[in-house]
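Chains B and U supply the protein sequences, listed in that same order. Under this note's numbering, the first residue of the first sequence is numbered 1, with each subsequent residue one higher. Under this note's numbering, the first residue of the second sequence is numbered 202, with each subsequent residue one higher.
Think of the hints as simulated: they come from the structure by calculation, not from any bench. Mixed in with the good hints, there may be bad ones.
To be verified - Straight-line C-alpha distance at most 30 Å; calculated BS3-like pairs for lysine-lysine: (1) Lys166/B with Lys365/U; (2) Lys210/U with Lys188/B; (3) Lys466/U with Lys205/U; (4) Lys447/U with Lys193/B; (5) Lys454/U with Lys167/B; (6) Lys454/U with Lys193/B; (7) Lys294/U with Lys365/U; (8) Lys193/B with Lys478/U; (9) Lys478/U with Lys294/U; (10) Lys565/U with Lys378/U.
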Amino acid sequence: MDKFETLTGIAAPMPLVNIDTDMIIPKQFLKTIKRSGLGANLFDEMRFDRQGNEIPDFVLNKPQYRDAEILVAGDNFGCGSSREHAPWAIKDFGIRCVIAPSYADIFYNNCFKNGILPIVLPQEQVDVLMKDAEKGANARMTIDLDAQTVTTSDGEVFSFEVDSFKKHCLMNGLDDIGLTLEKVDSVKAFEAKASAERPWV
Amino acid sequence: MSPKTLYDKIWDAHLAHEAEDGTCLLYIDRHLVHEVTSPQAFEGLRMAGRTVHAPDKTIAVPDHNVPTTLDRAKGGMNEESRIQVEALDKNAKDFGIHYYPVSDVRQGIVHIVGPEQGWTLPGMTVVCGDSHTATHGAFGSLAHGIGTSEVEHVLATQTLIQKKSKNMKVEITGKLKPGVTAKDITMSVIGETGTAGGTGYVIEYCGEAIRDLSMEGRMTVCNMAIEGGARAGLIAPDEKTFEYCKGRPHAPKGAQWEAALAYWKTLFTDEGAHFDKVVTLKGEDIAPSVTWGTSPEDVLPITAKVPSPSDFKGGKVEAVQRSLDYMGLTPGTPLSEIEIDTVFIGSCTNGRIEDLRAAAAILKGKKIKEGMRAMVVPGSGLVRAQAEEEGLADIFKEAGFEWRLAGCSMCLAMNPDQLAEGERCASTSNRNFEGRQGYKGRTHLVSPGMAAAAAISGKLTDVREIM
Numbered sequence: 001m002d003k004f005e006t007l008t009g010i011a012a013p014m015p016l017v018n019i020d021t022d023m024i025i026p027k028q029f030l031k032t033i034k035r036s037g038l039g040a041n042l043f044d045e046m047r048f049d050r051q052g053n054e055i056p057d058f059v060l061n062k063p064q065y066r067d068a069e070i071l072v073a074g075d076n077f078g079c080g081s082s083r084e085h086a087p088w089a090i091k092d093f094g095i096r097c098v099i100a101p102s103y104a105d106i107f108y109n110n111c112f113k114n115g116i117l118p119i120v121l122p123q124e125q126v127d128v129l130m131k132d133a134e135k136g137a138n139a140r141m142t143i144d145l146d147a148q149t150v151t152t153s154d155g156e157v158f159s160f161e162v163d164s165f166k167k168h169c170l171m172n173g174l175d176d177i178g179l180t181l182e183k184v185d186s187v188k189a190f191e192a193k194a195s196a197e198r199p200w201v
Numbered sequence: 202m203s204p205k206t207l208y209d210k211i212w213d214a215h216l217a218h219e220a221e222d223g224t225c226l227l228y229i230d231r232h233l234v235h236e237v238t239s240p241q242a243f244e245g246l247r248m249a250g251r252t253v254h255a256p257d258k259t260i261a262v263p264d265h266n267v268p269t270t271l272d273r274a275k276g277g278m279n280e281e282s283r284i285q286v287e288a289l290d291k292n293a294k295d296f297g298i299h300y301y302p303v304s305d306v307r308q309g310i311v312h313i314v315g316p317e318q319g320w321t322l323p324g325m326t327v328v329c330g331d332s333h334t335a336t337h338g339a340f341g342s343l344a345h346g347i348g349t350s351e352v353e354h355v356l357a358t359q360t361l362i363q364k365k366s367k368n369m370k371v372e373i374t375g376k377l378k379p380g381v382t383a384k385d386i387t388m389s390v391i392g393e394t395g396t397a398g399g400t401g402y403v404i405e406y407c408g409e410a411i412r413d414l415s416m417e418g419r420m421t422v423c424n425m426a427i428e429g430g431a432r433a434g435l436i437a438p439d440e441k442t443f444e445y446c447k448g449r450p451h452a453p454k455g456a457q458w459e460a461a462l463a464y465w466k467t468l469f470t471d472e473g474a475h476f477d478k479v480v481t482l483k484g485e486d487i488a489p490s491v492t493w494g495t496s497p498e499d500v501l502p503i504t505a506k507v508p509s510p511s512d513f514k515g516g517k518v519e520a521v522q523r524s525l526d527y528m529g530l531t532p533g534t535p536l537s538e539i540e541i542d543t544v545f546i547g548s549c550t551n552g553r554i555e556d557l558r559a560a561a562a563i564l565k566g567k568k569i570k571e572g573m574r575a576m577v578v579p580g581s582g583l584v585r586a587q588a589e590e591e592g593l594a595d596i597f598k599e600a601g602f603e604w605r606l607a608g609c610s611m612c613l614a615m616n617p618d619q620l621a622e623g624e625r626c627a628s629t630s631n632r633n634f635e636g637r638q639g640y641k642g643r644t645h646l647v648s649p650g651m652a653a654a655a656a657i658s659g660k661l662t663d664v665r666e667i668m
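With the sequences and hints as input, model every part of the structure.
What follows is the structure in structure tokens.
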């Protein structure tokens, strides 16, 4: 997994609540057996018309946001389907950080498995960042995961919370499975105890 | 010992390791797998030279992509779908996990097959790379959806890295009125709490109206816990649960059954246990419900009118305007005047035998409106067989419904069952998101009885007028 330490980049504003994973990556793109290549279809039905032409009004089609690396969005981002194709598509497009007042649980976890940092901030602070993002490509935000801060293009700093284990894994690009397999003795001991207590499982 | 909730008890019984920072390894009793969210996980195992830790606890079935037309044995899948289903065939074989291929009569939607085969039992932890895994909570098992990286993690280790969620109680008191179903309960709860109201929580549903539900109804309630943002929904097991499980192919037998039963009877929330949040609805206040927008929280009784953006606050104002534009609806229109083109009965929310019985009871001896496209997609091959045996299939066919084979079908429209642009559907599924049932398709979520009523009248209809 790619490490995430700091990021300075363009932030795209998407001031919409309940952006669901069907919007992020519609079902017709879930038929892949790979993780790569989904960025071309990120937000497909909002981004392209039926003929495949770009819809100019959509934020990521605007010249100033085509290279966005940060997304600022409304409440409950990533709700709905558990499809990890959503963070795969976001990452493949080049976005490495999402900022929103809240996320759906499964999407939030999926981000950390893919080197994406989902930042939670109160609505008032997200409103400030949304305004900053609306300034376009010359206004770059900076994310510092170690310091747990977001800095606007005007130098205003907001602190965010993140789970220490998730932060550690993201900063070091660690593979969860490898870490868990180091605890295989605990798992085996649990299995022995559980199969004595609940042999029908 | 301090009193525990049902969630606390199941959590404690599955804690395989706890680190100093509170990060836990939760042991997983059942891992359900389907073709869409698993190929990358199996590929990851292969690339790392890893095996499936507990193949005996891993059960796979293709459901999302499979055609539901009667000729599916002859093929009918597009190239990409075929590759995905064949990948599952191969992965199941290579890694030695339990498998129900498309050709097996027991094939169906993973969340219907699991309980039907007795894989899902009270007190278990159940995961699947699918958000509607919450369904299995109806048995008093801790069940939730996971992403593909977590699917790979569970395959490799039979555990999941977790932090404990908070406890939320949703109590539905009293009795439901005639025509009101489990679907109306679960949609009304989301209408009350919002789609993010459950975020960070595991919900335990309780109260007389929940106790009165059949296992099928309880599965419908828990199924949509995720639409309310909750990690999982739970219902404490009782005699109905035990009766449902007894004799299922993978349920314990003989002395093991007795031991299991004794354990299952300890699975309830202790008197005085702490809930971080409590929501109470009166059963008699719940009406047959329908969604009008593009989020499951956009729900109202069928007797209501389409709301206006000005009825809302904050970010929701813009979202409602967007929903109404997408849905082609004008504020103030009575919901019961909205005309429907298509009716879909099926999905892991409402594709079980009781759902088909409820729809058939409304349709018996009637015809669907001329020009209406209507289909029933049973949740599994066994549900389909039972419905045929009970004469339900004939009722559907005589009314003008298509009688399909099992799969996820138009709930997410990954197979050819899709809405056309602008087509409006009364659907027993779980999501009314933009494009969910087809590009620019318009979805109104309803109960099976309401879907049947809409098929007859050609518009959203209060099922109580037809009963």
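We went through each hint and held it up to the structure:
1. Lys166/B with Lys365/U: Distance of about 15 Å is within 30 Å: holds.
2. Lys210/U with Lys188/B: It holds: about 21 Å lies between the C-alpha atoms, which stays within 30 Å.
3. Lys466/U with Lys205/U: Satisfied, since the Cα-Cα distance of roughly 15 Å is no more than 30 Å.
4. Lys447/U with Lys193/B: holds (25 Å)
5. Lys454/U with Lys167/B: violated (46 Å)
6. Lys454/U with Lys193/B: holds (21 Å)
7. Lys294/U with Lys365/U: Not OK: Lys294/U and Lys365/U at ~35 Å, beyond 30 Å, violated.
8. Lys193/B with Lys478/U: Distance ~33 Å between Lys193/B and Lys478/U Cα, so the pair is violated.
9. Lys478/U with Lys294/U: violated (45 Å)
10. Lys565/U with Lys378/U: holds (22 Å)
Consistency with the previously given hints fails for numbers 5, 7, 8, 9, ordered from lowest to highest.
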